[in-house]
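Asker: As a plain string of letters, each chain reads:
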Amino acid sequence: MTADDEQSGGRAAERGPVASLRAGLRAAAAFHEAVFVSRWRGSLRRVAREEEDRFLAVLLLASSGIDDPAAYETLELTPHLIQAFHDLHQREGIDRFPVHGVCC
Amino acid sequence: MPAIIVLVVVLGLFALGYRFYASYLAERVYALDDALPTPAVTMEDGIDFVPTNKHVLFGHHFTSVAGAAPIVGPAIAVFWGWVPALLWVVFGTIFAAGVHDFGSIVVSVRNRAQNIGTLTSAVINRRSRTLFLIIIFFLLTLVNAVFAVVIGNLFVANPGAVIPIVLEIPLAIAIGQYIYRTKTSALVPSLVGVAVLYALILVGNAYPIELDGVGEMLGVGPRTVWIVALFIYAFIASRIPVWVLLQPRDYINSHQLFIALGVIFLGLLVGMDRIVAPAINTGLPEGTPSFFPFLFVTVACGAISGFHSLVASGTTSKQLAKDTDAKYVGYMGALGEGSLALGAILATTAGIAAVGLDWGELYPDFGTAGGGAVGNFVSGIAGFAGHIGVPEDLGRIFAAVVVISFAATTMDTGVRLQRYIIQEMGQLVPEGRGGALGGFRKATGNLTTVTAIAAGVPLALALAPSSGDTADAGFAFGRLWTLFGTTNQLTAGLALAVIAVWVTRSGRSAVAQLVPLTFLLAMTVWALILNLRDFIADRDWLLAPLDAIILVLAGWLVVEAFIGIRKARAGGFDPADDEAAGVVRSDRAARR
Numbered sequence: 001m002t003a004d005d006e007q008s009g010g011r012a013a014e015r016g017p018v019a020s021l022r023a024g025l026r027a028a029a030a031f032h033e034a035v036f037v038s039r040w041r042g043s044l045r046r047v048a049r050e051e052e053d054r055f056l057a058v059l060l061l062a063s064s065g066i067d068d069p070a071a072y073e074t075l076e077l078t079p080h081l082i083q084a085f086h087d088l089h090q091r092e093g094i095d096r097f098p099v100h101g102v103c104c
Numbered sequence: 105m106p107a108i109i110v111l112v113v114v115l116g117l118f119a120l121g122y123r124f125y126a127s128y129l130a131e132r133v134y135a136l137d138d139a140l141p142t143p144a145v146t147m148e149d150g151i152d153f154v155p156t157n158k159h160v161l162f163g164h165h166f167t168s169v170a171g172a173a174p175i176v177g178p179a180i181a182v183f184w185g186w187v188p189a190l191l192w193v194v195f196g197t198i199f200a201a202g203v204h205d206f207g208s209i210v211v212s213v214r215n216r217a218q219n220i221g222t223l224t225s226a227v228i229n230r231r232s233r234t235l236f237l238i239i240i241f242f243l244l245t246l247v248n249a250v251f252a253v254v255i256g257n258l259f260v261a262n263p264g265a266v267i268p269i270v271l272e273i274p275l276a277i278a279i280g281q282y283i284y285r286t287k288t289s290a291l292v293p294s295l296v297g298v299a300v301l302y303a304l305i306l307v308g309n310a311y312p313i314e315l316d317g318v319g320e321m322l323g324v325g326p327r328t329v330w331i332v333a334l335f336i337y338a339f340i341a342s343r344i345p346v347w348v349l350l351q352p353r354d355y356i357n358s359h360q361l362f363i364a365l366g367v368i369f370l371g372l373l374v375g376m377d378r379i380v381a382p383a384i385n386t387g388l389p390e391g392t393p394s395f396f397p398f399l400f401v402t403v404a405c406g407a408i409s410g411f412h413s414l415v416a417s418g419t420t421s422k423q424l425a426k427d428t429d430a431k432y433v434g435y436m437g438a439l440g441e442g443s444l445a446l447g448a449i450l451a452t453t454a455g456i457a458a459v460g461l462d463w464g465e466l467y468p469d470f471g472t473a474g475g476g477a478v479g480n481f482v483s484g485i486a487g488f489a490g491h492i493g494v495p496e497d498l499g500r501i502f503a504a505v506v507v508i509s510f511a512a513t514t515m516d517t518g519v520r521l522q523r524y525i526i527q528e529m530g531q532l533v534p535e536g537r538g539g540a541l542g543g544f545r546k547a548t549g550n551l552t553t554v555t556a557i558a559a560g561v562p563l564a565l566a567l568a569p570s571s572g573d574t575a576d577a578g579f580a581f582g583r584l585w586t587l588f589g590t591t592n593q594l595t596a597g598l599a600l601a602v603i604a605v606w607v608t609r610s611g612r613s614a615v616a617q618l619v620p621l622t623f624l625l626a627m628t629v630w631a632l633i634l635n636l637r638d639f640i641a642d643r644d645w646l647l648a649p650l651d652a653i654i655l656v657l658a659g660w661l662v663v664e665a666f667i668g669i670r671k672a673r674a675g676g677f678d679p680a681d682d683e684a685a686g687v688v689r690s691d692r693a694a695r696r
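Going down the list, the sequences are from chains A and B.
The first sequence runs 1 to 104 under our numbering.
The second sequence runs 105 to 696 under our numbering.
Bound-form chain A, shown alone (with noise of 0.2 Å):
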């Protein structure tokens, strides 16, 4: 047993039903969580990984000299690419970016 249990151990003693009640309902949630929801999570995390691995892939292309296969789905995302761009430089205390041919 840790400190920490060892004191709210301590805790629920001297509180009485109360904080065995909340201790019980923490503990019921937490198996709640790892049961039910922690799989759930994970494929959140799954897919959020696979737009990333997706993401490495293209770049690794781009910089190997190969066209992007997913060009014509992609050009789709310039725009956001531009603005995200510009709010990055902006955010960098540069008004407008300084290199030539570089367009915001």
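These are calculated hints, taken from the structure and not from any lab test.
Since this is a predicted model, take the numbers as computed values, not measurements.
Where a beta carbon is used, it is the ideal one built from N, C-alpha and C, also for glycine.
Accuracy of the hints is not assured; some may be wrong.
[What the hints assert, rightly or not] Which stretches of chain B does chain A cover? Using the computed rule of at least three CB atoms under 8 Å from a CB of chain A, they are:
| no. | stretch |
| --- | --- |
| 1 | 146–152 |
| 2 | 336–349 |
| 3 | 370–377 |
| 4 | 492–499 |
Fit chain B to the known structure of chain A by using the hints.
Answerer: Using the frame of chain A, we list chain B on its own:
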């Protein structure tokens, strides 16, 4: 016979099975050893590979494997009497399903948590991989067809279930969004979500929705309208990312599973119902399929399910923290499924009496038993729910909502998986090949076409009338179900063959796998031959070729299993292949 005695005896046998047989398997057959680190530990990534507490992992595994199939099969099989159905559920669970589920986890864990499809290639041979894909294709086609018919029947018989089921979709999406956007505990929102779902039962009861008018307008029956609507739903749902709808629906279902089991067993304890069905049905009408071999394919997932090997090797093996946890998670998962099948038997043989139904009228012949089985289960649950104060009409809708939720999620998953299988089958055709095969490969590159095939083939099967059905059963449900049962048994047979070859290659006795494998294959082949004879006699030119193809697959499986086991016994596998597949290396370490 008081149902409580059956309940206590069966649960006692399950406990003995776990205590003695599962321990024997763990020590002498699978040689579990905690000194061997599991893939969850060696490949931990926080997403797929996560060492998980065994009780929590059991929860994940059980909620993934439990569904509508272990309810439907036993609910039909009690037609031959409750004793034969119960015996196969009990002994099938202990000596076949437990070995199969437990073994699937172990073999996968020892092979870097690879799935059973890849393992067929690694452990037996590459040809078996193609066999696996084809068997799964037919399994998924039949499972989608039979569940569409099950849901269509339930919607027609229980129009009060329509509103809760339809509104469960936005409810699931809302709970999903809550979990997606917050990091806080989901216990209270989940309980609220389940409470809202059951409150909708009251709304559904007040406003039942029937599609008779739509059916009349289109010149078809209401069930046909429902079946078409269900496949349109499955087509759309299977195209949506899993985290938007499928996962939250599954999440609500996992709560419903425990609630339904609680209602069954609590209702039984309070009501002390007696079994009103005959122990062995001696009054079978002329032309009834004999219980040898049809009982064993009809009970299907209630005793052993090939689908479990997909879950065991697909996700569970990636989360196993310790080698020895495989016994608890795998074997107990099989016992949990057996308990659900037991609940279905008790509902259809004891629970129905609590709502004043006569068993003999519900099960006069096999056609009616097949078409009405799920409805009888719903009535039985309403009987059990009545003992704990739930009015009968609400109890019926509750049970219908549970079964439809499970079946609809299975359809969504089934169409989605079928899409992957068809795409993978397309990849088996060499690139640049012309003709029909080349066209098939090209077609499988288009997602919409593949999804349309995945939904369209079972839709055609579900809508096709059969000459062998009784008028009220409508479509070929009883016969379709036995065909589904054969593909389910073949999937389980293939997994058992993989486990048997792996155990033999590891230098231990595979009798525990070979006995259920031989029995399963014998019953399945026998049932397929008898079915084929009847289909040809009835000039059923839809089911006869389907049966013939599945029979060929069964023969192919027998050959591959025989070749694999003989080669393993003769030590014919190349040691380099053993090393590559991770088959023996770990066991040699275990024996040291």
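Asker: Mind checking, does the stretch 370–377 of chain B have 3 or more residues with a CB under 8 Å from chain A?
Answerer: With 0 residues close enough to chain A, the hint is violated.
Asker: Okay, the stretch 336–349 of chain B and chain A, do three or more residues pass the C-beta test at under 8 Å?
Answerer: Coverage by chain A holds for the stretch 336–349 of chain B (3 residues, Cβ < 8 Å).
Asker: Examine the stretch 492–499 of chain B: at least three residues should have C-beta closer than 8 Å to a C-beta of chain A.
Answerer: violated (count 0)
Asker: Three residues minimum, CB to CB under 8 Å: does the stretch 146–152 of chain B make the cut for coverage by chain A? Let me know.
Answerer: It holds: at least three residues are needed, and the stretch 146–152 of chain B offers 3 whose Cβ sits within less than 8 Å of chain A.
Against the hints set out earlier in the document, violations occur for numbers 3, 4.
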